[in-house]
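Enquirer: Each chain is listed here by its residues.
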Amino acid sequence: MLIRLEPRGGRSLRWAYGSPLLALVLTLITTAVIFAMLGKDPLVSLYTFFISPLASATGRPELLVKAAPLVLIAVGLSLGFRANVWNIGAEGQYTIGAIAGGGIGLALYGDENVLTFPAMMIGGVLGGMAWAAIPAFLRTRFNANEILTSLMLTYVAQQLLIYLVTGPWRDPEGYGFPQSRLFDEYATSPNLVPGTRLHLGVVFALIVVALGWLVLAKSLIGFQLKVVGQAPRAARYAGFSEPRLIWFSLLLGGALAGLAGLFEVAGPVGQLTPSISPGYGFTAIIVAFLGRLHPVGVLFGGLLLALTYLGGEKAQIDLGMPNAVTGIFQGILLFYLLACDLLILYRVRIGQRAPAAKAAAAGP
Amino acid sequence: MVTVAGGPGAAATASARDGAALLRLTGIVKQFPGCLANDRVDLAIPAGEIHALLGENGAGKSTLVKIIYGVLRPDQGEIRWRGELVHIANPAFARKLGIGMVFQHFSLFEALTVAENIALGINDPAQRRDLKKRIVEVSQSYGLPLDPDRAVHDLSVGERQRIEIVRCLLQNPRLLIMDEPTSVLTPQEVERLFQTLRRLSQEGRAILYISHKLEEIRALCERATIMRLGRVVAECDPRQETARRLAELMIGNELKSPSHRTTGADGKGARLVVQGLSLRSDQQFGTDLKDISLSVAGGEILGIGGVAGNGQTELTAALSGETLAERADAILIDGRPVGLLGPGARRISGATFVPEERNGHGAVPAMTLAENAFLGAFRRLRLVRTGLIAAGQTAAFAGRVIQSFDVRTTGPAAEARSLSGGNLQKFIVGREILQAPGVLVISQPTWGVDAGAAAAIYQALLDLADAGTAVLIVSQDLDEIFSICVRIAVIYQGTLSDARPIRDVTVEEIGLLMGGAHPEARKGPSHANPA
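These protein sequences, in sequence, are chains A and B.
The first sequence begins at 1 in the numbering used here and counts up by one.
The second sequence begins at 1001 in the numbering used here and counts up by one.
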C-alpha cells in the first residue's frame, strides 16, 4: 500500500479549523497510551487530567488565572507570526517585564501610593518592550535571525532574575531564600472575586483579545502584517516598510509578554522568585498556533493549555505522576498540530500509483 | 512549416535530415489555460548539429524544451529518439536516453565544492567513486578548466556554468540543450563556450541552442528553427541570413497598424522624467541600470521594449520606489523630485503602478478583491480613517473596478486567486487607472491575458492617455508597443536607447536594438566570428 500526499492547489478552510480538533483527539489517544504504559488506568487518568480540575468550584476560576498570561502573550505573538516575525523569546520578555514592574513595586514598598500598581504595569510593558527591542534591532540592522536572538535572550533574562533575587533584591527577612519580599497591598494586582485568585490580569487578557481582533481585522497595521507575511513583494509594492513591521511585531509581543509577567508576579505569585513562570512564554507559542493566529482562537487555545497546567498538578497529586506530564502533553499537541496542518494544503491518497510513474514504466 | 530559402545546399540537407534525425518532434501541441504555448511544432535535429531555437519571449521555446527534457508532457504529437517513438515522462528518463540540459539559472550549493555539487546529481554509487578524476578528465578534454575541490561560492558565473556543463557531459549525452547560456557570460567567456560547443558537435553530439541573440546564433549554429506565438514560422541556415532578416522572422511582419491617435503629447509637458538613473542590482542575476534617461509627457504613451532580463524588473522597481534611487532628482513626477521617496509617497505624488507579476506582487492571492483594492489604492483614495480601514468605501471602490473593467467574478468578497489570469489583470489595471493617476507605469500589460481582455486593457490605456496621463509601458511584446505607443525606446543590458517616434522606426531596427546590435553603426559580430 502506498500513501501519497497530493497538493490541493489551495488552502482547505475545513481543515484549517479541523486540524486543531484532529490534533487534540490524536493527542488524547497518545497520552492515554502513555498513561497505560505508566501502569495507570487510561480513562481514570484522562478524567483526572482534563475533567477533575473543572469539577471543583475552585478549579474553574483557577483556569482563568492560568489562561490569562497565556492569552496575553499569545495574542501578541500571533500578530507577529502573521508577518513571519518569529519571536520565540516571549519567556524572556515576560521575565524582564516581571523584573522591571516588580522592581518598581519593591522600590515603592510601604509607600501606600495608589499609583504604585499603574506604575508597575507601565514598567512591565516597557521592560518587555526593551527586551524585545534587542532582537528587533539585530534583525533590522544586521539581519540576525530573531528566532535565535530572542530565544537566547530568554536565558540571559532568567540569569538576571536569579542574580537579583539571590543578591540585591533578596528579602532581608527571608531566611536567605532566593526570593524578594512579598509585594505590599498597593503593589498587588487588584483581586476581582474574594475567595478566588481572579485578578485584574484576567480582565486585561479579555480586553487584549478584543483589541487584537480589532487590529488584525480592521486596522491598517493589521492589514500590513498580513500582507508582509503572505506576499512580501506585494507589501513592498504597496510601500509597507518591512523594518517598521518587524519593530512593531516584536515591540507589541514584548509589551504584552512583559505585562503578563508583571501581572503574574504581582498577582498569583506575589513576589519575585526564580520560578515565576511554568514556561508560559513557550506554551503561548502553542496557544498561538492552536488558535490559528487569531485572537479569538487564542482565547480558546489559552483555556485548553491552561487546563494542561491544572491537569498536570492534579495528576501529580492524585495519581503520583511526574510533573513532566504537562510538558509531554503540550509537546505532543504541538507535534500533532504541525503534522495535521499539512492537511490544509495536501490531501492524502492511499493505494494509487502516481500517473507519472506509470508513464515512466511504459516508456521505451 | 515554411522553409526559408537559404544557401545552395538547403534542399539536400533537408532530405539528409529526414533520414537520420537524432531527435524528431512531430506535431507537438501544448495548451496552457488561456494560451496555446506550442501549436503543431515540428523539429528535427540530426547528430552533430548545433541547432538554434530562436524566438521572442513567450514564443514557446521554453515549453518545447521542457517537453523534450521531460519536465512537461505534450497534449498531442510524437517524439522520436533515434527513430524510436518515446514518451519522455521525466528528466531522469530524458537523461537515460542521452539528453542533457544546462539551465539558464544554475542549481548549485554555494557552500559545497565542485565535486560535491556534481555528486549530488548522481545516484549510482559506482559512478561516484572516481568522480574527481573523471571531472578533471572531462573538464580538461573539453577546455573547461575546473578544480573539483574548490567551493562554489569562490567561482565566477562562467565557472559555475562550466560545472553545469561538466555535470551534463559526465552523463555522456547525445543531445545537449543549452537555455540562454550566454546571458550571464562575458564576451570572452562566450568565445570559450563556443569553442567547447563546436568540439562537442565535432564528436557527433547534437546541441539545441536557445537564444534570442542574433549575432551569436549566426556565429555558432548551422540550422535555426524560428518560433513565434507557439508556432514554427521558419527554418533556415542562420549563417546565410542577415541579422536583420532573422529579426524580421522572429518578430513577424504582420504587425497591426497603429490604431492610436496621430497626435502624441497634448502640450502639458513632461509628467514623468528620469534623468541619469544608475543603480547597481542587489540580485545575483540582476542587471545594473546604467545612466537611464527618459521623459513622458501628459497624453503620451511611451513603450520600452527589450528582451526579458535586460533591466526591466530593476527599472520598474526603481520607478515605483521599491528600490530607491541614489539622488532625489533622478526621478521627477510632475516636477517633484521623488528619487528618494518610497512607493507610498510616489503614489501620493500622482503615480500608480502595475507590476509584471500579478500573484504576490500586484495582488495577494489569498486576499479578497476588496482587500486587494485597498492594497493599491488606500493612499490616493484615503481609505484609512484613524488607523482603521474604511470597509464600506473600500468595497464600493472594488465594486467600481469590477464593473468598469468587466471583471468576471462573484464580487468584492471573492479571493484574488479565484480569478483567471486575465480577469485578475483587468482588476489590477482597473485599480490603478481608476485612481486617476498623473503618471501610470505598467509592466507587461497583457502578459498571459486572452485577446478580449487585452483589447479592453489597451482601450483603457488609450483613454487614460487621452485624459492627460503620462503612460509608460514596459513590454516584451513588440506588437503591443507598435499598436498603442507613440514613442519607443529599447532597453538592453541596463542601458536605454533614445526614444523614437513609432512612425519613424522599423521593426527590424527595434529587433536589432533588442539583440544588442546598433542599427546605425553595425559592423558585424563583435566577439565571435563564424567558424
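The hints are simulated quantities; they were obtained by calculation from the structure and are not laboratory data.
Note that beta-carbon positions come from the ideal geometry of N, C-alpha and C, so glycine has one too.
Careful, some of the hints might be misleading.
[Said to hold, decoys possible] Here are a few chain A residues that face chain B, going by a calculated C-beta distance under 8 Å:
id: 1; residue: R4
id: 2; residue: P7
id: 3; residue: R8
id: 4; residue: S12
id: 5; residue: L13
id: 6; residue: R14
id: 7; residue: W15
id: 8; residue: I221
id: 9; residue: V227
id: 10; residue: Q230
id: 11; residue: A231
id: 12; residue: Y237
id: 13; residue: A238
id: 14; residue: G239
id: 15; residue: R292
Enquirer: Check each numbered hint from earlier against the structure, then list the numbers of those it violates in ascending order.
Expert: Failing hints, ascending: 1, 2, 3, 4, 5, 6, 7 and 15.
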